[in-house]
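Colleague: So you can see what is in the structure, the chains are spelled out below.
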Amino acid sequence: MPRTKKPARPVTAKRVRLLLATRKGLWTLTSDLARSAWKLAGPQFLGHVVHHAVADPRDARTMLAAARTGHLGPTVFRSLDAGKTWKEAAKPPGFAEGSGRVVDHTFWLTPGHPSEPGTWYAGTSPQGLFRSVDGGTTWEGVAGFNQHPKRKAWCGGDQDGTPDGAKLHSILVDPRDPKHLYISMSSGGTFESTDAGADWRPLNAGVRADFQPDPNLEFGHDPHCVRFAAGHPDRLYQQNHCGIFRIDRPNDRWQEIGDTMPKSVGYVGFPMVVHPRDPETLWVFPMDGTSVWPRTSPGGRPGVYRSRDGGRSWKRQDQGLPKAQAWWTVKRQAMTADARDPAGLYFGTTSGEVWGSRDEGRTFRCLARHLPHIYAVEPG
Amino acid sequence: MRVRVPTPLQSYTGEAEVFVAVPVLAPELPPTMGGVLAALDGSYPGMRFRMIDEQGRVRPHIKLFIDQALTRDLRTPIPSGATVMIVAALSGG
Chain A
1 MPRTKKPARP VTAKRVRLLL ATRKGLWTLT SDLARSAWKL AGPQFLGHVV
51 HHAVADPRDA RTMLAAARTG HLGPTVFRSL DAGKTWKEAA KPPGFAEGSG
101 RVVDHTFWLT PGHPSEPGTW YAGTSPQGLF RSVDGGTTWE GVAGFNQHPK
151 RKAWCGGDQD GTPDGAKLHS ILVDPRDPKH LYISMSSGGT FESTDAGADW
201 RPLNAGVRAD FQPDPNLEFG HDPHCVRFAA GHPDRLYQQN HCGIFRIDRP
251 NDRWQEIGDT MPKSVGYVGF PMVVHPRDPE TLWVFPMDGT SVWPRTSPGG
301 RPGVYRSRDG GRSWKRQDQG LPKAQAWWTV KRQAMTADAR DPAGLYFGTT
351 SGEVWGSRDE GRTFRCLARH LPHIYAVEPG
Chain B
381 MRVRVPTPLQ SYTGEAEVFV AVPVLAPELP PTMGGVLAAL DGSYPGMRFR
431 MIDEQGRVRP HIKLFIDQAL TRDLRTPIPS GATVMIVAAL SGG
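Residue numbers (my numbering), protein chains in the order written: chain A, 1 to 380; chain B, 381 to 473.
Since the hints were made in silico from the structure, they are not lab data.
Quantities reported herein were computed from a predicted structural model and do not represent experimental measurements.
Glycine included, each C-beta is placed from N, C-alpha and C at the ideal position.
A few of these clues could be false.
[What the hints assert, rightly or not] Quick list of in silico lysine-lysine cross-link-like pairs, DSSO-like style, CA-CA up to 30 Å: (1) A/K91 / B/K443; (2) A/K24 / B/K443; (3) A/K14 / A/K84; (4) A/K24 / A/K87; (5) A/K24 / A/K91; (6) A/K39 / A/K87; (7) B/K443 / A/K87.
[To be verified] Listing some non-contacts, in silico: residues in chain A with all C-beta distances to chain B over 12 Å: (8) G42; (9) S115; (10) V133; (11) Q147; (12) G156; (13) D177; (14) F211; (15) N216; (16) D248; (17) D259; (18) P322.
The whole structure should be built from the sequences, with the hints applied where relevant.
Modeller: Laid out in structure tokens, this is it:
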């Protein structure tokens, strides 16, 4: 596997910043480049459920935040000054009038291809795909998916699926081709489009679906998080409900790579992070997916698992993390890496702590605590 | 038209009570709740979608009153001099 020098994420000149989207608002954590002294700032949107906040790597000033409150419908806020001020989208993601479908919340935001500077994608719950071509001001449904004749067969009804609603997530734009897209759904699986979303096809062969009567389904899977390998978009990694998988295109079949995880820990988890330069290196954060799915760290002992060989083997990294009685976990958008060398690794917990490593996971320390339930951590 | 606004929506209006002008198409056609919400959205862009979903239905935690009367029908006419009150029902933690 060739290694590239190209960073996967922007490197700001003077600082490292993280966007912390939480159940009660948006915070930021900022440090100098040594990543030794972190400063917490916020909240913005206090009281809003912020499912995702993402900075645009194409201009280093635009940010979008997907928010709703318990009372009010979902919306998207947009900043053109790196998060200092925000303005609400004029037309947030919403299903077509007459479709009978209603967006409960926008769950995922992905900046478009570098050749399409105003384009963003959004994934919603219930599962829908939306696109903005004006930097997040107005959003339209991607009809090729939302109105695809097989969409209901692929996804089931809007009431089917996971707690808090089935979600469309992990929207990936091939850096070589803006028309080549992948999406994943917690109730449906992974799908691919090669025509900018006009048509889609399932891409789930080889992924187990133990919860289905037929474990070899064409669709109906539950991917939790899917990422491109760094600098190598023909490889995708997937943390799934039923394991950890890898695919090397143009092969259409996923290969299981989670079966080498320790049996006592298992292969269930939500987040997955790739190294910013090394396509063979990735991290997962296992959780207890046994019995009734407690969704806690296995045994109350949190740990990150890193592979440096494309998932053939895994090493536990927990130095600095609590050794016992820590029953939090990490959601699918709440773990990320920075582009420094060595790479920084960060995650936010369901109990409102942010942990960080500036040595690729060898040691961790707590960067912030007492925040609300953390939904997403992204470089900012 | 006098409209009382709950705290979750005062980020739009800046006030607990606002007055909006609702166009009257004909004397025999009084303004409706839908017309009031459209007028609110004209003055405070984005506000309507937080209360009304894309299928034109009032969102579950929003209640709309015309004086003392609750309505979920946006076609409900609003008598001259009435006050519209928007309530955001508290729930959860």
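Colleague: Now tell me if each hint is right for this structure.
Modeller: Right, here's what the structure says about each hint:
For the hint linking A/K91 to B/K443, the alpha-carbon distance of about 23 Å falls within 30 Å, and the restraint holds. Taken as a hint, the A/K24 and B/K443 pair is honoured in the structure, with Cα atoms around 23 Å apart against an allowance of 30 Å. A hinted pair counts as satisfied when its Cα atoms are at most 30 Å apart, and A/K14 with A/K84 qualifies at roughly 17 Å. The straight-line distance between the Cα atoms of A/K24 and A/K87 is roughly 18 Å, inside the 30 Å bound, and the hint therefore holds.
Among the hinted pairs, A/K24 with A/K91 is consistent with the structure: their alpha-carbon atoms are about 23 Å apart, no more than 30 Å. Only pairs whose Cα atoms come within 30 Å are accepted, and A/K39 paired with A/K87 is accepted, the gap being roughly 25 Å. At roughly 26 Å between alpha-carbon atoms, B/K443 and A/K87 fall within 30 Å of each other, so this suggested pair holds. Taking the minimum C-beta to C-beta distance to chain B, about 16 Å, the non-interface status of A/G42 holds against the 12 Å cut.
Every CB of chain B is more than 12 Å from the CB of A/S115 (nearest about 30 Å), matching its label as outside the interface. With a least beta-carbon separation of about 19 Å from chain B, A/V133 lies farther than 12 Å from that chain, consistent with its non-interface assignment. Non-interface status of A/Q147 relative to chain B is upheld: no Cβ of that chain comes within 12 Å, the nearest being about 14 Å off. No Cβ of chain B comes within 12 Å of the Cβ of A/G156; the nearest lies about 20 Å off, and the non-interface call holds.
Look at A/D177: its CB is around 31 Å from the nearest CB on chain B, clear of 12 Å, so calling it non-interface holds up. Its beta-carbon lying about 28 Å from the closest one in chain B, A/F211 satisfies the requirement of being farther than 12 Å from that chain. Even its closest Cβ contact with chain B, about 37 Å, leaves A/N216 beyond 12 Å, as expected for a residue assigned away from the interface. Every CB of chain B lies more than 12 Å from the CB of A/D248, the least distance being 40 Å, so the non-interface label holds.
In this structure A/D259 is separated from chain B by more than 12 Å, as the shortest Cβ-Cβ distance comes to about 40 Å. Every C-beta of chain B lies more than 12 Å from that of A/P322, the closest at about 25 Å, which supports listing it as non-interface.
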